[in-house]
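Here is how the chains run, residue by residue.
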Amino acid sequence: MQTENPIRKKTFAFAIREGLQQAMENDFSVILIGEGVPDPKSIFGTTEGLQEQFGRKRVFDMPLAENGMTGICIGAAISGMRPVMVHQRIDFALLSVDQLVNNAAKWHFMFDGKANVPFVVRMIVGRGWGQGPQHSQSLQAMFAHIPGLKVVMPTTAHDAKGMMIAAIEDNGPVIFIEHRWLHYVEDHVPETNYRVPLDKAKILHTGDRVTVAAFSYMALEAHAAAKALHSFMGIDIEVLDMRSVRPLDMDAVFTSLRKTGHLIVADTATRTGSIAGEVISRVAEKGWDMLRSAPVAVANPDHPLATSHHMSDGYYPGEQTIADAVIRMLGGDKVSGDYEQLCAALRHVGPHDTPNRSFSGPF
Amino acid sequence: MQTENPIRKKTFAFAIREGLQQAMENDFSVILIGEGVPDPKSIFGTTEGLQEQFGRKRVFDMPLAENGMTGICIGAAISGMRPVMVHQRIDFALLSVDQLVNNAAKWHFMFDGKANVPFVVRMIVGRGWGQGPQHSQSLQAMFAHIPGLKVVMPTTAHDAKGMMIAAIEDNGPVIFIEHRWLHYVEDHVPETNYRVPLDKAKILHTGDRVTVAAFSYMALEAHAAAKALHSFMGIDIEVLDMRSVRPLDMDAVFTSLRKTGHLIVADTATRTGSIAGEVISRVAEKGWDMLRSAPVAVANPDHPLATSHHMSDGYYPGEQTIADAVIRMLGGDKVSGDYEQLCAALRHVGPHDTPNRSFSGPF
Amino acid sequence: MLRIRLVEEALAERYADQEMRCPMHLCIGQEAIAAGVAAALRPDDVMFSNHRAHGHYLAKGGDVKAMVAEIYGRSTGCSGGRGGSMHVIDQSVGFMGATPIVGGTVPLAVGAAWAAALKGEDKVSVVFFGDGCFEEGVVHESLNFAALHKLPILFICENNSFSVYTRIEERQPRRPIHVVAQAHGWDAWHSDGNDVEAVNAIAIEAACRARAGNGPQFLEFDTYRWREHCGPNFDDELNYRSEHEITAGKAGDPLLRSRSKLLQDGAVSDGELDKLKEEITDEIDSAFEFALSSPVPTYADGAGKVYAD
Amino acid sequence: MLRIRLVEEALAERYADQEMRCPMHLCIGQEAIAAGVAAALRPDDVMFSNHRAHGHYLAKGGDVKAMVAEIYGRSTGCSGGRGGSMHVIDQSVGFMGATPIVGGTVPLAVGAAWAAALKGEDKVSVVFFGDGCFEEGVVHESLNFAALHKLPILFICENNSFSVYTRIEERQPRRPIHVVAQAHGWDAWHSDGNDVEAVNAIAIEAACRARAGNGPQFLEFDTYRWREHCGPNFDDELNYRSEHEITAGKAGDPLLRSRSKLLQDGAVSDGELDKLKEEITDEIDSAFEFALSSPVPTYADGAGKVYAD
Ligand SMILES: Cc1ncc(C[n+]2csc(CCOP(=O)(O)OP(=O)(O)O)c2C)c(N)n1
Ligand SMILES: Cc1ncc(C[n+]2csc(CCOP(=O)(O)OP(=O)(O)O)c2C)c(N)n1
Ligand SMILES: [Mg+2]
Ligand SMILES: [Mg+2]
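So the sequence lines, in the order shown, correspond to chains A, B, C and D. Each residue of the first sequence is one higher than the last, beginning at 82 in the numbering used here. Each residue of the second sequence is one higher than the last, beginning at 82 in the numbering used here. Each residue of the third sequence is one higher than the last, beginning at 4 in the numbering used here. Each residue of the fourth sequence is one higher than the last, beginning at 4 in the numbering used here.
Among the clues, some could well be false.
Below are the BS3-like pairs computed for lysine-lysine, each with C-alpha atoms no more than 25 Å apart in a straight line [unchecked claim]: (1) Lys-122/A with Lys-253/D; (2) Lys-308/B with Lys-415/B; (3) Lys-68/D with Lys-195/B; (4) Lys-253/C with Lys-122/B; (5) Lys-68/D with Lys-138/B.
Coverage of chain A stretches by chain D, computed from C-beta distances (three or more under 8 Å per stretch; other residues unrestricted) [unchecked claim]: (6) 133-145; (7) 282-294; (8) 345-356.
Quick partial rundown of chain C residues pointing at chain D, CB under 10 Å, derived from the structure [to be verified]: (9) Ala-42; (10) Arg-45; (11) Pro-46; (12) Asp-47; (13) Val-141; (14) Val-142; (15) Ala-184; (16) Trp-189; (17) His-193; (18) Gly-234; (19) Pro-235; (20) Asn-236; (21) Gly-307.
Hints are computed from structural coordinates only; laboratory data are not their basis. Remember, it's a predicted structure, so these values are computed and weren't measured experimentally. Cβ coordinates follow ideal geometry from the N, Cα and C atoms, glycine included.
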């Protein structure tokens, strides 16, 4: 007789949906809105069936009016609702920066705590299949600069569900960023109604040679690099899935650095002004003595992404980039047979511009 | 008989006006638009008389419609005009982030260089007299994260004019950020039509003990600290007026660091996700060997500014903060009589929430 | 109305003391709109406002002590001193907040109406904004959504024909503002905004229609700002409006008109009005006393509460 | 019209080859609007478009080779391969650019009209957008500014009654779109968008009025999208629109209508039409050949030109 929970493998998209569903079951004030929320594609499956379950009074489509609708959600939030809004691409959310920054982030502060804005804004980072310059931006750093906003980027399906529930229960605005390629990735997703804190990193792979603090999809890339480095070169790096962008769990980074003394930060954004830079600067300021070498950012190059799949091939850093950075940092040699084996293992199979479905957790 | 140019002392606001004026005289395609541009207060005097000189076809007021008007300027720019737009507060420009980021920044790139967007957007950072949470933000980091945008923050009146002319002549979008308190500050402003590059820092004070890379108004604070440190404690720090936020003149920082080995970055923004962090991270990554101690960011605390003048007293770091950071970094002692003299010299006279008019250059 | 006028005149008078260190937009001359609309509302109806908020706040029943203290930057202020004149709030009377980003609160008011509709509450939501604000796209997005869902909301457009120093003719084509709302499917109303009875009559009917499920109501009221856009003074010397215009504008004084009407109708006597004025003056004096005697806060008082618990 | 249809059908057919690796929004069923409007324009009039741009680009005279190569991601594409289907440009024929942020190009078109007016050029500017786009605030900001300055601009609203899978009734109150523009002071026009002659007649008159200084013109055309919102296929199986509706929508086929009309009028013969089709098919084939035989670019080709020289 099996008493332990079996592994319940579900995709990140499923986990988001289940998190939304359970949060809506728990609390009648949770409402869900976004362009396409109730449509047949249901935001990549993440809102499937929710209108059927919760009715048209709680699950809505919306006009194309990002700033206005954001303000409307803020107005609803200070009136006792807990809205969740979805943007199919984070690029569209740029239209609503005014309401997010001037109102949502500051309402609680500027009215001396007299009102709360419980409001979750889901933003999806596009990648692949010619997303191009206006559908592939990864703009977490813009939002993370703003006091009053929390910004999270769950990586695993497990955390997606738990952080969704926690974000909805949070009494302030939470920018909830989902990397499009994560939607396909499976993990153990318990059926229970659980929370994952919005301010804690998690160790994906334990090691004592180099700390890799990684965000969102890059945490998967780092994890794959860690496994290959372990298997083929006997190098154990510590991979932190940062999970939260604001606040940053610097304690977790410092704890790991105390062991390793070496830091790589892997981000999904363009390098300049990125959150990777922010982590590095905090370590330089407050963890100077822990560092035994120059820290390294692994991030996208400082230009927009061209649409052509030929041109996007080479834009994104990945497992190999991270593994190479580790080896370089440790002064390792790249000509050994071990290294060749590692490269062979990490070599990408299939097209570069569709999600690599070999990632499968559980993490 | 005097042949050398005499010092022509003019305010930063005057210099902006003269830069605009000369650029408009040079090139008929330059047009100027913004809420209040032709009104009696003429954007703090920076647009005074320009409508009279250039007519109502080139100098405009505009409706309250930041995103739309930004798009309209972009449309005019790709049609051969060189628009300059003004926001009386950078906070209002948040409404136009979509057009700036999705269109202005990317148009040249995404159409393979087939079109240019020569477009200067002036944004003014508010401070003092109860500007409060929605009128005091300093959001350069948000814009500096975006490939395709140039972002500058001139400090001196001399540079304000020269960089304005250069920005208008640039064939791409330039975010031109003016700290409100700089408008009053005088400097030598030649009458000639000159340019100051958009990508170069400038040394305000030479020294070999600590490098202070400072932005905008903080460069003045750093300069005052440098003078006091020199006079009272015999410490010579090197103050870099960074002038440009994107691109960052890291060469200038590295050149200085090679002498000093110590870095402080002084920014006008809230700390997390700031450009101060960006500079530090780049130094940590690429200038690791030059650093002899942990770098330090001097920036605003990570919360919005309360309106109350009682509460804003203590929010902004200043000369004293920088001087203290220098002394701490050098392991200096703060109990000496010299230090007390320095503090006395730096002690603020008059209200903390109005510009300190004792700053007067020339730099 | 008289109360709003007297409070603002007192603020203007004492502004020179340099203890009210924040931008301040007075509504002197425009009081009838705030008063007439607020009198048509129930206590649990909700209200949002903009940078020129004193009149709205007071008309809805906001505490005058807390407002004055707010402007003085004391923790006893209605926003704990964090907001100043441009960010006032008194949720206990349904005044949900005012902020100075033009257009910023318009969708919030729609959101409050939406929340009321979703919860089945018998409430209307009201937002005040200016003619300039109508140019912001977010207002149109709000018009669309409110019409789509037939929300119980009143938009009150105070058309003083200026945005700062810029005339409406420089900013908008020559068509009445309310016709645009009408095109979006709103009920639209337009009247002299300096006639408090006319304002009130319209507001009563509009609120009634909104409450009865007839959808959103757009009320455009013409009025005139007497003093400078921001600050306590007159600004006639700037010459952006002619002496003639200013005189004509002030001749429409809503207070004077309402006073004559009341006296003529015999609704009140001169003596009663004087007594009322005295009472209000006392109230105001004690509000200023309250503000000035409130403890002086420090930086730390304005540093926390960035995130809700 | 036929050319647009044939090009898009060829794209749809070959999309399965997985060499066109980018989002693609076909306008099959909506061609009459692009064709009818473009035929009313002069070569130096300028045009802007959105995510569903192929028809507009081709109708304005855009190079078919360069468009196909663009979709294939080659450097020989009209945007050097950087844009794909959603960002096409051909400035040599006045096609100033298309981008997929909904509403993004609307103010740009107004800016182009403004520039033309400032320079005294005898040009009109045209922008195409959908019924969904009309909900974006930036469109209203654009309406206001264009009306204020009486700019020579045509807004072409292609009302296919859907935004992705969402019906207009879920997004907007029940009022015609063009009446809102009218309220802003625009001349407004409305007609069946599948009747190319009607579209053309209106566009000619509107362009003429705009050019003559009568200010901005808003043209709303009703039409129907046959295929999925994004991608090459039909999506009837998703059941967000009824079989009946789809059949009725397709019955309005602008090509069929125009073909019958032309044949009936004796303007062309069957044989001439067949020949035309053959010519176009040849042109299309060679466009695909061109695309496929263009050199394959690499990452470096898409990395520079971030800043203008
Ligand atoms: C988004 C934004 N743009 C500009 C401003 C600057 N500003 C403050 S009040 C104002 C005028 C608003 O005019 P109107 O809406 O008619 O209100 P009024 O001042 O006449 O009451 C302006 C332009 C702002 N606060 N916010
Ligand atoms: C600002 C923004 N919001 C959302 C989207 C996603 N999106 C792309 S096309 C589209 C539908 C637009 O509908 P409509 O304007 O009617 O044009 P149609 O597709 O019907 O031609 C949406 C919602 C986007 N690209 N940009
Ligand atoms: Mg006004
Ligand atoms: Mg449509």
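Status of each hint after checking the structure:
1. Lys-122/A with Lys-253/D: holds (23 Å)
2. Lys-308/B with Lys-415/B: holds (17 Å)
3. Lys-68/D with Lys-195/B: It holds: about 17 Å lies between the C-alpha atoms, which stays within 25 Å.
4. Lys-253/C with Lys-122/B: holds (23 Å)
5. Lys-68/D with Lys-138/B: violated (41 Å)
6. 133-145: Held - the segment 133-145 of chain A has 4 residues with a Cβ nearer than 8 Å to chain D, which meets the minimum of three.
7. 282-294: This one is violated; 0 residues, fewer than the three required, reach chain D with a Cβ under 8 Å.
8. 345-356: Violated, because only 0 residues of the segment 345-356 of chain A bring their Cβ atoms closer than 8 Å to Cβ atoms of chain D.
9. Ala-42: violated (30 Å)
10. Arg-45: violated (26 Å)
11. Pro-46: violated (30 Å)
12. Asp-47: Result: violated, 27 Å to nearest chain D Cβ.
13. Val-141: At about 5 Å, which falls below the 10 Å cut-off, the nearest Cβ of chain D leaves the hint on Val-141/C intact, so it holds.
14. Val-142: holds (8 Å)
15. Ala-184: Status holds, d = 8 Å.
16. Trp-189: Hint holds; Trp-189/C Cβ to chain D Cβ min 9 Å, cut 10 Å.
17. His-193: violated (13 Å)
18. Gly-234: violated (28 Å)
19. Pro-235: violated (32 Å)
20. Asn-236: Cβ of Asn-236/C sits 31 Å from chain D, so the hint is violated.
21. Gly-307: violated (35 Å)
In terms of the numbered hints stated before, the structure departs from hints 5, 7, 8, 9, 10, 11, 12, 17, 18, 19, 20 and 21, listed from lowest to highest.
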